[in-house]
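Given only the sequences and the hints, what does the whole structure look like? Please build it.
Residue numbers (the working numbering), protein chains in the order written: chain B, 114 to 394; chain R, 114 to 394; chain E, 114 to 394.
Please note that a few of the clues may not be correct.
[As the list claims (entries may be wrong)] If the Cβ cut is set under 8 Å, some of the chain E residues that face chain R in the computed set are:
no.	residue
1	GLU253
2	ARG341
3	LYS345
4	PHE367
Just so you know, the hints here were simulated from the structure itself, not pulled from any lab data. Only a predicted model underlies this, so the values are computations on that prediction, with no experimental measurement involved. For each residue, glycine too, the CB sits at the ideal point set by N, CA and C.
Below, each chain spelled out in residue letters.
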Amino acid sequence: MLHTNLSRLLASGGPKRLISTVNKLTTVEVNDKTGIAILTMNRPPVNGLNLELLQDLKSSIDEIEGNKSRGLILTSSSPTIFSAGLDILEMYKPDMDRCRAFWSQLQETWLALYGSSVPTAAAINGHSPAGGCLLATSCEYRVMVPKFTIGLNETQLGMIAPQWFMSAFLSVLPQREAERALNQGRMFTTEEALRVGLIDETANSKEEAIEKCAAFIGTFAKVNPLARSLTKQQFRAADLQQLKNGRKEDLEKFLFTVSQPALQKGLGIYLEGLKKKVKKQ
Amino acid sequence: MLHTNLSRLLASGGPKRLISTVNKLTTVEVNDKTGIAILTMNRPPVNGLNLELLQDLKSSIDEIEGNKSRGLILTSSSPTIFSAGLDILEMYKPDMDRCRAFWSQLQETWLALYGSSVPTAAAINGHSPAGGCLLATSCEYRVMVPKFTIGLNETQLGMIAPQWFMSAFLSVLPQREAERALNQGRMFTTEEALRVGLIDETANSKEEAIEKCAAFIGTFAKVNPLARSLTKQQFRAADLQQLKNGRKEDLEKFLFTVSQPALQKGLGIYLEGLKKKVKKQ
Amino acid sequence: MLHTNLSRLLASGGPKRLISTVNKLTTVEVNDKTGIAILTMNRPPVNGLNLELLQDLKSSIDEIEGNKSRGLILTSSSPTIFSAGLDILEMYKPDMDRCRAFWSQLQETWLALYGSSVPTAAAINGHSPAGGCLLATSCEYRVMVPKFTIGLNETQLGMIAPQWFMSAFLSVLPQREAERALNQGRMFTTEEALRVGLIDETANSKEEAIEKCAAFIGTFAKVNPLARSLTKQQFRAADLQQLKNGRKEDLEKFLFTVSQPALQKGLGIYLEGLKKKVKKQ
Numbered sequence: 114m115l116h117t118n119l120s121r122l123l124a125s126g127g128p129k130r131l132i133s134t135v136n137k138l139t140t141v142e143v144n145d146k147t148g149i150a151i152l153t154m155n156r157p158p159v160n161g162l163n164l165e166l167l168q169d170l171k172s173s174i175d176e177i178e179g180n181k182s183r184g185l186i187l188t189s190s191s192p193t194i195f196s197a198g199l200d201i202l203e204m205y206k207p208d209m210d211r212c213r214a215f216w217s218q219l220q221e222t223w224l225a226l227y228g229s230s231v232p233t234a235a236a237i238n239g240h241s242p243a244g245g246c247l248l249a250t251s252c253e254y255r256v257m258v259p260k261f262t263i264g265l266n267e268t269q270l271g272m273i274a275p276q277w278f279m280s281a282f283l284s285v286l287p288q289r290e291a292e293r294a295l296n297q298g299r300m301f302t303t304e305e306a307l308r309v310g311l312i313d314e315t316a317n318s319k320e321e322a323i324e325k326c327a328a329f330i331g332t333f334a335k336v337n338p339l340a341r342s343l344t345k346q347q348f349r350a351a352d353l354q355q356l357k358n359g360r361k362e363d364l365e366k367f368l369f370t371v372s373q374p375a376l377q378k379g380l381g382i383y384l385e386g387l388k389k390k391v392k393k394q
Numbered sequence: 114m115l116h117t118n119l120s121r122l123l124a125s126g127g128p129k130r131l132i133s134t135v136n137k138l139t140t141v142e143v144n145d146k147t148g149i150a151i152l153t154m155n156r157p158p159v160n161g162l163n164l165e166l167l168q169d170l171k172s173s174i175d176e177i178e179g180n181k182s183r184g185l186i187l188t189s190s191s192p193t194i195f196s197a198g199l200d201i202l203e204m205y206k207p208d209m210d211r212c213r214a215f216w217s218q219l220q221e222t223w224l225a226l227y228g229s230s231v232p233t234a235a236a237i238n239g240h241s242p243a244g245g246c247l248l249a250t251s252c253e254y255r256v257m258v259p260k261f262t263i264g265l266n267e268t269q270l271g272m273i274a275p276q277w278f279m280s281a282f283l284s285v286l287p288q289r290e291a292e293r294a295l296n297q298g299r300m301f302t303t304e305e306a307l308r309v310g311l312i313d314e315t316a317n318s319k320e321e322a323i324e325k326c327a328a329f330i331g332t333f334a335k336v337n338p339l340a341r342s343l344t345k346q347q348f349r350a351a352d353l354q355q356l357k358n359g360r361k362e363d364l365e366k367f368l369f370t371v372s373q374p375a376l377q378k379g380l381g382i383y384l385e386g387l388k389k390k391v392k393k394q
Numbered sequence: 114m115l116h117t118n119l120s121r122l123l124a125s126g127g128p129k130r131l132i133s134t135v136n137k138l139t140t141v142e143v144n145d146k147t148g149i150a151i152l153t154m155n156r157p158p159v160n161g162l163n164l165e166l167l168q169d170l171k172s173s174i175d176e177i178e179g180n181k182s183r184g185l186i187l188t189s190s191s192p193t194i195f196s197a198g199l200d201i202l203e204m205y206k207p208d209m210d211r212c213r214a215f216w217s218q219l220q221e222t223w224l225a226l227y228g229s230s231v232p233t234a235a236a237i238n239g240h241s242p243a244g245g246c247l248l249a250t251s252c253e254y255r256v257m258v259p260k261f262t263i264g265l266n267e268t269q270l271g272m273i274a275p276q277w278f279m280s281a282f283l284s285v286l287p288q289r290e291a292e293r294a295l296n297q298g299r300m301f302t303t304e305e306a307l308r309v310g311l312i313d314e315t316a317n318s319k320e321e322a323i324e325k326c327a328a329f330i331g332t333f334a335k336v337n338p339l340a341r342s343l344t345k346q347q348f349r350a351a352d353l354q355q356l357k358n359g360r361k362e363d364l365e366k367f368l369f370t371v372s373q374p375a376l377q378k379g380l381g382i383y384l385e386g387l388k389k390k391v392k393k394q
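Here it is, written out as structure tokens:
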């Protein structure tokens, strides 16, 4: 998949630098012609957001900001999953020190992505539940391939999407759509997501999704980059500040939640179900 | 009307308990099969929200929360009026002690309904101006029977919808629609309300409206109820907190308003008009 | 243009008083029949918002409030420009005392227009970029003549629309539309503006635009004016308060911005370009 993508980009867009080191869970490729960086999540099988993937995402975002890239396109190396969201193993029978580091890193990574100075777009080439949807809605634009689903489905799993997941969701959806979907834990198909505004465009393949994301980033070609980034950050300031002001409370709330026996029991049952599903396949 | 409804529900949904005492202004019926409670306002002729109806609404909401019902459907025993809003007699030549109790109870009842832990829906089977619209927009879903009207028409009566009426309105309508309608005191027909998003569906009868509300509540069947209610309450937290923080000021503002001679004069003229209208009929 | 308009209004609406003094940059005409005031910006060639025009706008708004007019329609004496926005000469090589007075007046004028107690509408009879768009979106209704453009295009000029420009923009557009347009510095054609909700109606001429604005103001005919204005001001209170609380910081931010050599250089190049363009014509 990545190879095909590389060939296509090389064919259409000229030379490209592969920046990231190979032992990371993310790769960053900058197209030298367009100046746009493709940030690919590469933690098989489902891009579960564990501490290390979140750390690598953060350092890749920093890298792209530092490289003065013209934009950032977030995508996945999997042909069917954009990101399955938070890695449940980080929450099941957790080591509390690691759990604390995990959640703090999630906050850190979100602040970097949602507040990023460069234009951001998500090429959603697979399912994108929960934390996957958070990443997608934290970008400025979303292009999605058909026959996948996206949404904040936390309530389906007995969990509560934090306030800042809601902020990112509300930056895209009207209030009444957002509340209903959050309460239902609704997963939208690609077509439903387009209709409701959760995504901006559809594309028939990952390659086309990336091209459409690049076209969106291209709309900023004649815009002063500093003015653009300060405008974006001012627009998002209240949402960003709300988490910054409440990071400690937000962390404590999460630690309290994962320490609940009922949640642990639920996660245990869920993981058992996953194992059986895998065995059957 | 209620009888027909009862027969139909019994026919379609099996046994049902009638919980509330008969001398209340509200009734609560829980469908034992679906676990959904129907909360009916029953203060003829127009379900004017006076102190007693607001108290009974609050205790019925508490009852439903306590019974672990699967959901709450708010409706009216009148065939033409959902609720005509605040009872003007509570504001005309008021006893200030009762007036204080009245407004405090309105706040209390709204906090309970808007922040309710169970899924809520309104089967709007009649006109729903002002306070009636507040109750409807404080639910999570609205199904309305044709040929009625709904809206916050306070400015038409020389009054100002409080900030928290606006919050509930804004949880449903886009900002520009909400502001214009509030300033105009606009009443929407069922069809207009559907088009603008003030209601979610129409239904040809009260029974069908209740069925559609029950179907909406049914969408939460596979959702963890605790996660759902905490998600809803977090989503609505800022609106709820705004009133909680300002309850005293909000009460004083109301008491100041009703003590204005101009308002009293206006209410007097309005009530005279109502009397003449009734005589003519 | 103004003359034609006058004849038409006189023909259709009876006697009209011209209130403002002739040496002002704005005129106020009150239609004695409808009680609606037309506030015309008249600073050729482009209604650049300099200190004096902003002062005259503010005093005209005050005049209209004081005259108990039934409404305010904001328009332009130019056949092609509603307002080109802030006068760049106020920012290029600025005298800091005047610059301070300029920005403070802009704040003052906006607070008066956005918080105006009378119904407000904009008859947008020409291009309306940046500050022009701010004025238009601060009104309660917008009717626009075809083949013009409107938008907050600050980022195209290397500038940042202040928070309160964003508030007025967000009072009209959904959040995702508003953010994208702000970041892109997008100018909408009349048709695009209608589709996205940035304007409410189109009209084939200035006269028709004024008629449609008057029709909007007419929807308040049966509404209590005091209740209406208190409702509007309560609805807009948070936006107004945000600037009131931050006026000093907002001013300092502007003064810091205009003192940046990069901005001065950019403005210089822009002004050179304008001069050449004028010479060519």
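Hint check:
1. A hinted interface residue such as GLU253 of chain E counts as satisfied when its beta carbon comes closer than 8 Å to some beta carbon of chain R; here the least separation is about 7 Å, so the hint holds.
2. Because the smallest distance between the Cβ of ARG341 of chain E and any Cβ of chain R comes to about 5 Å, under 8 Å, the interface hint for this residue holds.
3. Given hint, LYS345 of chain E at the interface with chain R, holds; its Cβ is 5 Å from that chain's nearest Cβ, closer than 8 Å.
4. Residue-level restraint check for PHE367 of chain E is violated (minimum Cβ-Cβ distance to chain R is 26 Å; threshold 8 Å).
Of the numbered hints listed earlier, the single one contradicted by the structure is hint 4.
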